[in-house]
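The primary structure of each chain is shown beneath.
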Amino acid sequence: MANLLAKDAAFLLREANSLIKSQPYLNELHSNGYAFLPNFFPQLPSQEAISILGNFCDLGSGNQVHCLKPLEKSEGAPNSYSSLYGLENFPLHTDLAHFHRPPRYLVLRCVFGSPFVATLLLDSMKLSKKIGHNLLSRAIVSPRKSRNGRTPLLRILDVSDKKYLFRWDSKFIKPASEIGMRGFQLFLAAVDNSEPDKIVLADLGDTLVIDNHRMLHGRTKVPTNCISRVIERSYLESIK
Amino acid sequence: MKQVIKPSETPVDWSAEALYNKACRYSEKMNAHASDTWEHALWSGLCLELLARAALANLSPALLAEPKKISNIVHALGFPVTESKFSPTSIGTQMVLEHLGNLLPGFDTEMKSFCSTHVGRRNSELHSGDAPYDTFTGVSWHGAYFKACLTLLESMGYDLSDFIGPEQTDAAEQEIAAAADQAAKAITGDVKAHKQVWEAKDDQERMKLANLAELSADRALGHRVRCPACDSRALVGGQAVGEAHKELEGDLIIEKQEHLPHWFMCTACGLKISGLSKLQVVGLGERYVNTETYEAAEYYASAPEYADYQDDNNEPF
Numbered sequence: 010m011a012n013l014l015a016k017d018a019a020f021l022l023r024e025a026n027s028l029i030k031s032q033p034y035l036n037e038l039h040s041n042g043y044a045f046l047p048n049f050f051p052q053l054p055s056q057e058a059i060s061i062l063g064n065f066c067d068l069g070s071g072n073q074v075h076c077l078k079p080l081e082k083s084e085g086a087p088n089s090y091s092s093l094y095g096l097e098n099f100p101l102h103t104d105l106a107h108f109h110r111p112p113r114y115l116v117l118r119c120v121f122g123s124p125f126v127a128t129l130l131l132d133s134m135k136l137s138k139k140i141g142h143n144l145l146s147r148a149i150v151s152p153r154k155s156r157n158g159r160t161p162l163l164r165i166l167d168v169s170d171k172k173y174l175f176r177w178d179s180k181f182i183k184p185a186s187e188i189g190m191r192g193f194q195l196f197l198a199a200v201d202n203s204e205p206d207k208i209v210l211a212d213l214g215d216t217l218v219i220d221n222h223r224m225l226h227g228r229t230k231v232p233t234n235c236i237s238r239v240i241e242r243s244y245l246e247s248i249k
Numbered sequence: 041m042k043q044v045i046k047p048s049e050t051p052v053d054w055s056a057e058a059l060y061n062k063a064c065r066y067s068e069k070m071n072a073h074a075s076d077t078w079e080h081a082l083w084s085g086l087c088l089e090l091l092a093r094a095a096l097a098n099l100s101p102a103l104l105a106e107p108k109k110i111s112n113i114v115h116a117l118g119f120p121v122t123e124s125k126f127s128p129t130s131i132g133t134q135m136v137l138e139h140l141g142n143l144l145p146g147f148d149t150e151m152k153s154f155c156s157t158h159v160g161r162r163n164s165e166l167h168s169g170d171a172p173y174d175t176f177t178g179v180s181w182h183g184a185y186f187k188a189c190l191t192l193l194e195s196m197g198y199d200l201s202d203f204i205g206p207e208q209t210d211a212a213e214q215e216i217a218a219a220a221d222q223a224a225k226a227i228t229g230d231v232k233a234h235k236q237v238w239e240a241k242d243d244q245e246r247m248k249l250a251n252l253a254e255l256s257a258d259r260a261l262g263h264r265v266r267c268p269a270c271d272s273r274a275l276v277g278g279q280a281v282g283e284a285h286k287e288l289e290g291d292l293i294i295e296k297q298e299h300l301p302h303w304f305m306c307t308a309c310g311l312k313i314s315g316l317s318k319l320q321v322v323g324l325g326e327r328y329v330n331t332e333t334y335e336a337a338e339y340y341a342s343a344p345e346y347a348d349y350q351d352d353n354n355e356p357f
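So the protein sequences, as listed, match chains A and B. Going by our numbering, the residue at position 86 of the first sequence is 95; the numbering climbs one at a time, nothing skipped. Going by our numbering, the residue at position 224 of the second sequence is 264; the numbering climbs one at a time, nothing skipped.
Hints in this document: simulated from the structure, not taken from any laboratory. Please read these numbers as outputs of a predicted model, since none were measured by experiment. Careful: at least some of the hints might be erroneous.
Simulated restraints on C-beta separations [claimed, not checked]:
id, chain 1, residue 1, chain 2, residue 2, range
1, B, E79, A, R156, 30 to 36 angstroms
2, B, S100, A, K180, 45 to 51 angstroms
3, A, S83, B, A171, 55 to 61 angstroms
4, B, K232, A, M190, 49 to 55 angstroms
5, B, V44, A, R159, 25 to 31 angstroms
6, B, A224, A, K154, 30 to 36 angstroms
7, A, K139, B, D199, 21 to 27 angstroms
8, A, S89, B, T175, 53 to 59 angstroms
Only pairs whose alpha carbons sit at most 25 angstroms apart, straight line, appear in this in silico BS3-like list of lysine-lysine [what the hints assert, rightly or not]:
id, chain 1, residue 1, chain 2, residue 2
9, B, K296, B, K286
10, A, K230, A, K78
11, A, K180, A, K249
12, B, K225, A, K154
13, B, K225, B, K286
14, A, K249, B, K108
15, B, K296, B, K241
16, A, K249, B, K225
17, A, K183, B, K46
18, A, K183, A, K138
19, A, K154, B, K69
20, B, K46, B, K108
21, A, K249, A, K171
22, A, K172, A, K249
23, A, K139, A, K207
In silico contact screen, one side only, chain B against chain A (beta carbon under 7 angstroms); selected entries [claimed, not checked]:
id, residue
24, V52
25, D53
26, N61
27, C64
28, R65
29, E68
30, G197
31, G310
32, K312
C-beta: ideal position from N, C-alpha, C; glycine also.
Turn these sequences into a full structure, and let the hints steer you where they fit.
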């Protein structure tokens, strides 16, 4: 029996790998900044399904797959969005914006979804171009609090060496210079006036891959009858 | 070869990016003050220091580590340090500039000298009752300053506009050009003056001085060139750039190394020029190849112990 199950899992993994190579999801990811894979091998545990897509980030000890559930403010850990916003909208942000090197890709995978809660997505490239790369590249920010005893200075946008790295979090990073303040205010206003895309992770296996160096993401309000929603999250350093 | 033990990332406060970002912040402070104020000059010194450290860290963060203690290098490379009560130490700014002079093309002796003096004023400002920046007002130093900043920025893939913004960049570029133009006028005037004095001498004296110059322009002391004022044989000297190339010719080892000139001296008319930018104006700023020839035994012999001591048994008897 165990042999049969192992053979099934191996078969599924092979199927998934060949499907990934033939699917245009990579093109979608590169052009849109995110890719939605509905019903992506729901039979597979998230660890295995996500490992097909890319290589996990090394963020130290701890699981590579994190379980996210809607929480009231009082229930959330003090340094989390849940403690700040509870079941209300999560504002648009990039994950771990206060890190020197935020993870490149964020993967959200539905375990128990809801059609009434949407993930919001906004492309920073369009907004940053309007404001001006020169200004945002000189906009110095710093983490809200020190990490490992260090408070490095960061920039909202880094376009050196032909790469694009945009970091944004209106709570976890703060302006650290005059131009930082100007860039922060301009981008905040731009975000407030924007219309993000909406993706609903409703069914088991619905998977959203987000370029965390480019796309801001958020979450709409969670109605009280949707608090059983469960999403699993991982960070990837590269895509296969 | 497989790397079994891998380092973590460079500690963030030693990274080129963090140092560059701080330099950016300091440049804002610098430009927030009028250019003829001591505050502007002080922030410019601090900014230049951080920019230099960023440029060196960009080559390798290990170059910033104080080498007397291996733990500093281990830390800079991202490996764990087992030493208790360890506090990482980096090299002083003068050593940073020394390393940049050796490693960065374009960061020549003249530039290094300017940076060294400019950041040195910071020590006097912060550690003594003196006010060195109060008499360092005006913008006469801006040309050399922004030229140094540009060299450091370009080594990291940036330009002035990335650092100080497009509005300030126009002015900075004009100041760089004006400084070069001023230096050019000064040295051209100097050459002209020496030429006039030379031509006022009689033929016999000129011949005598030219012959002496021919003898004293020793290849061992520098690279032989023609003086732009009197056309006598003269010397330029400079610093090595890049590695030496070795060739074997019979029993001899020929070592050739490119040098970038930074001084000129003519013993015939007395013209002396210091600084690559001035040498370039008079057409003597090109790199030259210094060739040394060694016998194999001489090349591979270890340095003599007690080389500074006199011979043993030198007591009179």
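To see whether the hints hold, each was checked on the structure:
Taking 30 to 36 angstroms as the suggested C-beta distance range, the pair E79 (chain B) and R156 (chain A) conforms, at roughly 32 angstroms. Restraint check, S100 (chain B) to K180 (chain A): a C-beta distance of roughly 36 angstroms breaks the suggested window 45 to 51 angstroms. Between S83 (chain A) and A171 (chain B) the beta carbon distance is about 57 angstroms. The supplied range of 55 to 61 angstroms therefore holds. Take K232 (chain B) and M190 (chain A): their Cβ atoms lie about 54 angstroms apart, and the range 49 to 55 angstroms holds.
Against the hinted window of 25 to 31 angstroms, the Cβ-Cβ separation of V44 (chain B) and R159 (chain A) comes to about 28 angstroms, which satisfies the hint. A C-beta distance of roughly 53 angstroms is found between A224 (chain B) and K154 (chain A), which places it outside the suggested range of 30 to 36 angstroms. Restraint check, K139 (chain A) to D199 (chain B): a C-beta distance of roughly 22 angstroms satisfies the suggested window 21 to 27 angstroms. A C-beta distance of roughly 55 angstroms is found between S89 (chain A) and T175 (chain B), which places it inside the suggested range of 53 to 59 angstroms.
Note on K296 (chain B) and K286 (chain B): the hinted pairing holds, with a Cα-Cα distance of about 6 angstroms set against a maximum of 25 angstroms. Between K230 (chain A) and K78 (chain A), the direct Cα distance comes to roughly 13 angstroms. Compliance with the 25 angstroms bound is thereby established for this hinted pair. Distance restraint check for K180 (chain A) and K249 (chain A): the Cα-Cα separation of roughly 32 angstroms exceeds the 25 angstroms cut-off, and the hinted pair is therefore not satisfied. Under the criterion of a C-alpha separation no larger than 25 angstroms, the hint pairing K225 (chain B) with K154 (chain A) is inconsistent with the structure, at around 54 angstroms.
With a C-alpha separation of about 41 angstroms, the suggested pair K225 (chain B) and K286 (chain B) falls outside the 25 angstroms cut-off, and the hint is violated. For a cut-off of 25 angstroms, the pair hint linking K249 (chain A) to K108 (chain B) is broken: about 44 angstroms separates their Cα positions. Proposed proximity of K296 (chain B) and K241 (chain B) is contradicted: the alpha carbons are some 39 angstroms apart, above 25 angstroms. For the proposed pair K249 (chain A) and K225 (chain B), the alpha carbon gap of about 61 angstroms is over 25 angstroms, so the pair is violated.
Simply put, K183 (chain A) and K46 (chain B) have alpha-carbon atoms about 33 angstroms apart, too far for the 25 angstroms limit, and the pair is violated. Using a Cα cut-off of 25 angstroms, the hinted pair K183 (chain A) and K138 (chain A) holds, with the two alpha carbons roughly 21 angstroms apart. Taking the CA atoms of K154 (chain A) and K69 (chain B), the gap is about 23 angstroms. The hint holds against a cut of 25 angstroms. This hinted pair checks out: K46 (chain B) and K108 (chain B) have alpha carbons roughly 24 angstroms apart, not beyond 25 angstroms.
Annotation: proposed proximity of K249 (chain A) to K171 (chain A) holds, straight-line Cα distance about 21 angstroms (limit 25 angstroms). Using a Cα cut-off of 25 angstroms, the hinted pair K172 (chain A) and K249 (chain A) holds, with the two alpha carbons roughly 19 angstroms apart. Restraint check: the Cα-Cα separation between K139 (chain A) and K207 (chain A) comes to about 22 angstroms, which is no more than 25 angstroms; the hinted pair holds. Taking 7 angstroms as the C-beta cut-off, the interface hint given for V52 (chain B) holds, the closest approach to chain A being about 4 angstroms.
Look at D53 (chain B): its Cβ gets to within about 5 angstroms of chain A, closer than 7 angstroms, so that hint holds up. The restraint placing N61 (chain B) at the interface with chain A holds, with a minimum CB-CB distance near 4 angstroms, inside the 7 angstroms limit. Taken as an interface hint, C64 (chain B) checks out: its beta carbon lies about 6 angstroms from the nearest beta carbon of chain A, inside 7 angstroms. The interface hint given for R65 (chain B) holds, since its Cβ lies 5 angstroms from the closest Cβ of chain A, which is under the 7 angstroms cut-off.
Annotation: interface hint on E68 (chain B) holds; nearest CB of chain A at approximately 5 angstroms, less than 7 angstroms. Because the beta carbon of G197 (chain B) sits about 6 angstroms from the nearest beta carbon in chain A, less than 7 angstroms, this interface hint is met. Hint status for G310 (chain B) relative to chain A: violated, with the closest Cβ pair at about 49 angstroms, above 7 angstroms. Interface hint at K312 (chain B): violated, since its Cβ lies 42 angstroms from the closest Cβ of chain A, which is beyond the 7 angstroms cut-off.
The structure shown violates the earlier hints numbered 2, 6, 11, 12, 13, 14, 15, 16, 17, 31, 32.
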